[in-house]
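K.L.:
Residue numbers (this note's numbering), protein chains in the order written: chain A, 1 to 379; chain B, 380 to 732.
No incorrect hints appear here.
Far from chain B, by Cβ distances over 10 Å, these chain A residues were calculated:
id : residue
1  : S34
2  : V54
3  : L66
4  : G89
5  : V144
6  : A241
7  : W311
8  : T344
Which bits of chain A does chain B cover? Going by a derived footprint, with three or more residues having C-beta under 8 Å, they are:
id : segment
9  : 16 to 25
10 : 209 to 223
In case anyone wonders, no lab produced these hints; they're calculated from the structure. The structure presented is a predicted model; accordingly, all values stated were derived computationally and were not measured. Backbone N, C-alpha and C fix where the C-beta goes; we use that ideal spot for every residue, glycine too.
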Amino acid sequence: MNPRPVLALVAANLRRHARDRVGLFFMVVMPFVSIVFVGMAIGNGTGRLPVGVVAHSSDPVTAALLEELGRRPDLEITRMGSADDLRSGVRSGALAAGLVIPGDPVRLQLVVTRTNGSGLAARSAIDVAVGRVAAVQEATRAAVAAGATPAQAAEYVRQAQRESGRVAVTGGSAGAADPRGFAYTAPANLLLFTFINSMAVAAALVESRRLGMLQRALTAPVRRASVLLGEALSRFLVALAQAVLIVVVSALAFGVTWGDPLGVAAVVVVFALVATGAALLVGTLLNAPDQAPAIGPPLGVVLGMLGGCLWPREASGEVINAIGHLFPHAWGMDALLTLARPGTGLTAVLPQLAVLAGMAALLLGAALALFRRRALTAF
Amino acid sequence: MTAPEPVIAPDPASAPEPVIAPEPTSVPGHTSAPEPTPATPTPPTLSCRGLSKRYGDVHAVQDVGFDIAPGEAYGLLGPNGAGKTTTISMLVGLLRPDSGHVRVCGVDLAADPMRAKARIGYVPQEIALYPELTGRENLRFFGRLFGLPRRELAGRIDEVLDLVGLGGRADDRLKTYSGGMKRRINIGTALLHRPEVLILDEPTVGVDPQSRKAILDGVEHLVGEGMSLLYTSHYMEEVERVCDRVAIIDHGRIIAEGTRRELIALVGGADKVELSLEGDLETALAKLRAVEGVIEAAMTGATSIRLLTEGGRHLLPALITAVDGCATVTATQVIEPDLEATFLHLTGSTLRD
Chain A
1 MNPRPVLALV AANLRRHARD RVGLFFMVVM PFVSIVFVGM AIGNGTGRLP
51 VGVVAHSSDP VTAALLEELG RRPDLEITRM GSADDLRSGV RSGALAAGLV
101 IPGDPVRLQL VVTRTNGSGL AARSAIDVAV GRVAAVQEAT RAAVAAGATP
151 AQAAEYVRQA QRESGRVAVT GGSAGAADPR GFAYTAPANL LLFTFINSMA
201 VAAALVESRR LGMLQRALTA PVRRASVLLG EALSRFLVAL AQAVLIVVVS
251 ALAFGVTWGD PLGVAAVVVV FALVATGAAL LVGTLLNAPD QAPAIGPPLG
301 VVLGMLGGCL WPREASGEVI NAIGHLFPHA WGMDALLTLA RPGTGLTAVL
351 PQLAVLAGMA ALLLGAALAL FRRRALTAF
Chain B
380 MTAPEPVIAP DPASAPEPVI APEPTSVPGH TSAPEPTPAT PTPPTLSCRG
430 LSKRYGDVHA VQDVGFDIAP GEAYGLLGPN GAGKTTTISM LVGLLRPDSG
480 HVRVCGVDLA ADPMRAKARI GYVPQEIALY PELTGRENLR FFGRLFGLPR
530 RELAGRIDEV LDLVGLGGRA DDRLKTYSGG MKRRINIGTA LLHRPEVLIL
580 DEPTVGVDPQ SRKAILDGVE HLVGEGMSLL YTSHYMEEVE RVCDRVAIID
630 HGRIIAEGTR RELIALVGGA DKVELSLEGD LETALAKLRA VEGVIEAAMT
680 GATSIRLLTE GGRHLLPALI TAVDGCATVT ATQVIEPDLE ATFLHLTGST
730 LRD
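So here's chain A without its partners, still in its complex pose (with noise of 0.2 Å):
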């Protein structure tokens, strides 16, 4: 196939698309102020729990509980000068959890509001840090019991820790819970912009057919392949650019980590396609310009919102997580979720990519079928 009058058809659509200022307002800034907006709603994506602390002593323990405390990454310390201040802290809620150490570090004192799910959770990550820090001492102890100088039981100690930070369990458990903020509002969006801006140039799609463009277009020494794949490709690149926008500057902007290079291309691609297709079909189906806007992005929302895409997928119940599974979103949610947890890969979501590329499959091919009957009429 000659690709001039392809790439003639790609470079007049995509010329058109940068002129349309409205378009690119939702392709450029629209995305980003969605995933900012809903991305604080959601929480931020440190998500670390506000915990106050008030030290009378300095002597080692004590500061080895702090530096536990320092180090663990889901809690944010606050050193405080009094209890009282800490109490007030955490009725108001500013605090998650409170922490008093009195001079002779044995009995420490939690200060904790029972019915609230955030203190609990400062709890047990409070626990956690004093448990090391009991575990540290023990060891400490029984290593100068058995002889060693205390430099060389420290010493002991450093070792054994390094011993075990690299066995440490990185990531989740089994059934580990959707990310918050930016890491959940991200890949949302990029599925929700690509496929909703994708149904708005289906508009540019309606106009050309009624300008009679693409008739016209068949009267030049063009085959009529060519213009069906010079449409189509019009389209892809145009979804292709919302998602490759959203994954770099999310990733540039908001530390957004998306997984696997491979992967994430991969679930883009088949999204991409999938958002084509649609892109496709409805420019074709539809006769007037404004009827792509009209019906095209509410379509794209509805599915948004089945598929996770406006808010937490925990959210809604599970039949309507079940039912977003009839549609692409919510698999290019579950690839995308998936890919961003560490130690995943391209083979992590070969059945979504599967379940996608299907789709798109069946859209792309009842749409080109249908626009060549519909819009393309020669010989």
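The hints should help you fit chain B onto chain A, whose structure is shown.
P.N.:
Then chain B, alone, in the frame of chain A:
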């Protein structure tokens, strides 16, 4: 807004040199081996035979056939819904005929659509251009579709822009153009690849008189330079002005075809001459009857005489001389039968039905 609309074809002297002249060898991507031609040495630029198209029970086009010679301007005249656009759609390869065939410079359209289409410049009735793109960008798009080589494309676009008189507005978006300017780019688009036959489907519909004149001037200029033309319209005067030969199409069939004179002769060639005179009308009437070419003469009032003549316009000096001495001619009117009359005669309906 600004200066008066420039004509579609500026003064030939100022036009860039190789504007329109068909150059079959310059169509890229297609070999220019000579066609296996039928008996005649140069095949008609466009030829169709037995074209028919049915939609259900409706015969949109039935057994339409004609030839357009190189450099000839051929008109397809008929009322709206007569089958003009359906015929054209089959000629440019947008619609597959139920029967019949189309040859462009001897190339069978159905057998080798790529080569045949490369020689046609088709201007659809509607303005099929991207409104968001500039005039130049629209031309570039179609230039690429027609496979113009990258090196030549920019220069050729400038030539066409000059030709349609829109060089100054080339980089404005199409949606800022007036209706007439859009029409001119619409036509320019079909000229980029130097087609051998230009097909214009009602190019002046909805155009202001000034742009209409510009388009007609431009079309005449192109034909004058040797391009073949198929021109459809339901405006009688346009077809009469532009076309060498005309086919009258009605209800999907060609019901008459020929030069303007030939068609008019179908309804009889007599012209009416109305004379207003002062003086001795009785004598004048007798003298006028004696003039050669006058078939009939009658007094239609105290100062007027109507004559039925052959070649009315050319007879006027003889008529005026004949009454010299007995009466003075104060006004004359020659009413020649026209295509409108022919059309009425052949179809029983007017064109603007």
